[in-house]
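Peer 1: Chains as they are written, first to last, in our numbering: chain A, 41 to 458; chain B, 55 to 423.
Each computed DSBU-like pair below joins lysine-lysine, with the alpha-carbon atoms no more than 30 Å apart:
id, chain 1, residue 1, chain 2, residue 2
1, A, Lys-348, A, Lys-359
2, B, Lys-77, B, Lys-393
3, A, Lys-105, A, Lys-348
4, B, Lys-396, A, Lys-348
5, B, Lys-393, B, Lys-72
6, B, Lys-396, B, Lys-72
7, A, Lys-441, B, Lys-305
8, B, Lys-72, A, Lys-359
9, B, Lys-72, B, Lys-305
The hints are simulated quantities; they were obtained by calculation from the structure and are not laboratory data. Computed from a predicted structure; not experimentally measured.
Here is what each chain is made of, one letter per residue.
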Amino acid sequence: MIVQLNEIETAVNQFLDQAFSPDLSLIEWRQRLVAAGWAAPSWPEDCFGRGFTAEQTAVVDRVFKTRRIVGAAQVGPRRLAAETLLVHGSVDQKNRYLPSILTGEHSWCQLFSEPGSGSDLAGAATKAERSGDQWIVNGQKVWNTSAHHADFGILVARTDWDLPKHQGLSYFLIDMRQPGVEVRPLKQMNGHASFNEVFLTDAVVRQDDLVGGEGHGWAVATTTLSIERQGFARGRNPRATHSAPAQGRVYDEEAKELEIDNEPYTWYPQREGRPDLVFERARETGAISDAAVRQEMAKLVCLSEAAKISARFVAAHRKLGNGEVLPAGSIGKLGASVIARQAAQVHTMISGTDAMLSGSGSPMDGVIAETLISVPAISIAGGTDEIQRNIIAERVLGMPKEQRQDTGPFRDIPRNIS
Amino acid sequence: MQETFTEDQLQFREVVRKFLHDKSPMSAVRQLQETESGYDAEVWRSLGQDLGLPGTHLPEAYGGLGYGPIELGIILEEMGRTLYGGPFLSSAVLAGYATSLFAEEASRQVLIPDISSGILRVALVLDSLSCPELVGKTLTVDAADRLTGRAEIVIDALSADELHVIADSPNGLGLYRVSPSAEEVTLYARESIDLTRKLSSVLFDHAPVERLGQVDAGGLQRFWDLACVALSHEMIGGAGALLESTVEYTKIRVQFGRPIGSFQALKHRCADLLMALEFAKAATYQAAFSLAVDDNPGFVASMAKAMASDCFMETARAAIQLRGGLGFTWEDDTHLFFKRAKCDEVLLGLPHVHRERMIQQMEGNDRAA
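Isolated chain A (complex conformation) (with noise of 0.2 Å):
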């Protein structure tokens, strides 16, 4: 086993050296990266990874990014799949989905939400039914990132409806590319859609494609749903973390990848606010000036450096081993909306009636229209505030939990008609 990170350096250069020409095909060059075990460094031995510790895995990654390499596919709702599966996976599950993420050919989706079941996720009535060696889904998902291009989605589905919500659950690894399955891009205020609605008629599930058992959905869904708020704790959305764009049939391909991957999130940015643009803004409008606005943008400054001190300080914390003081997610997304929300406001005082004008005769062509009416998103997507601040208070102040409602046999439940 390698372990010295100066040994580990020399190993990847060797293999690079050997195995890496531009002219491969994406798929082909991946291939060779899963194979030799560099695709996924920190993934386990036994899962095409080499079991390395982040500091370890850093070493490759900044080996890649020097020499400009193309590594593994790892944009988009793949790498919630791909880490759950790591965690709940059979060995022949794992066999059969990991390489295949790794190398990009094939993508993934969520299927998660519901039209009548949004903050209370457990509460998912789309049915699976067994039927001989299969399932037989029937329900209607939405909010679903990378559907209409997906090969394959995690799917939560009820198998039970006689017992309490979360034990009827299960969680399933459904193809995508199917007649049961409809696909239908769902647009946004924003003009974009980012999202779709999938609609489940009969699609059929294998029997092994069930992942971690009968019954068990809710606790694998919940691990899936822990990888993705890390994603939105760290304040980072799935962007590309590639290389610079080089000369080479890999590296073109890769920009195809990523431009499908990355563009349902183009308009992330501009849903954070755009703190950034502020003082831009206002000098060159010469908002800045405006002892109302100045007052207003010194409160956004305050919000957002407060919020990087306050990850900052929880991250030194926990660097020291002292365990986790607050969930620090919670506050951050909170932080987060409110500074979002704070940030449009600025902006429009800045724009003032130009705050009216959206496309490219519009302040910076368009970006400030397009915060304006894309910062609502954020403090919904993820997880609402009014859960974040449930959270916090039960959690964090340990304020008393209200009656539920909802513990009696699922059927029995009060839900949505659909």
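Based on the hints, put chain B in the right spot on chain A.
Peer 2: This is chain B only, laid out in the frame that chain A set:
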């Protein structure tokens, strides 16, 4: 720059917390606020002579403990939690910083040891508690070294052994020493909404002074920043204690057959308060860490003062509201914190003044860059 508190600093906090818990319970605070001096002389003696707390931030060479704004902040945060009413802010923080920044060597050697031990209680007389630019506009020393003018609000002047005054003079701003018993000095108590912090007015009519040192504009700003960061710690301490007691109250108060803390309307308000507190603490601690190494002090000090002021007031408003009618009674302790919050909010510059300064600092940095 420090990234978080050290093990020593955490232990220091425990020592201070235990001392105040034992020596300054709320029952004592309530009793002492009815007295003229507002504090217990024995507790002050022990705090100074046993623990040396008033000299925490003052140089070791003069008998201080030689620590800085971080350790001083820890003390003030703990004092803010208990509404400790002794002359710590007036004598240790304001007069202590002024002496160490402005007094000349000989005076420092005389004054700092006694300020550090608490034996000498000094009230710092400023003719403006709003912003440093207005300091020295009404208090002036003439060529014959006589001080004339009026300071409307001075903290702890009536119980002080000495008055130190920042006043203008033919040689520019200076720090002066005046005896409160001189017949050219008139002191009278002012009614304060916060009874735990005693206020008075001071009039000087050609009072004889001893010049302690020169005060330059940069030094005065530095003094103001240090004082603001110390005061911010007091405010986050008060806000933290108040949020804790409020949350505890919502867990035990029952209405409509359930603890009121189980209602989302109250949970959400408390969650928002916790976020505001975490952010105000982040800004305040960061300000202390930055001041300790003199990194961008003006910006961080103003950010801390603005955020801590707003956080303490918002917490105090909510603390009363969430207790319902009880919160508006004299018997309940909440109003004591509310009143401290209101006074701290306006002391050393209102939040909007500090926000304006933040933007000026950012513009300044931008031009420099």
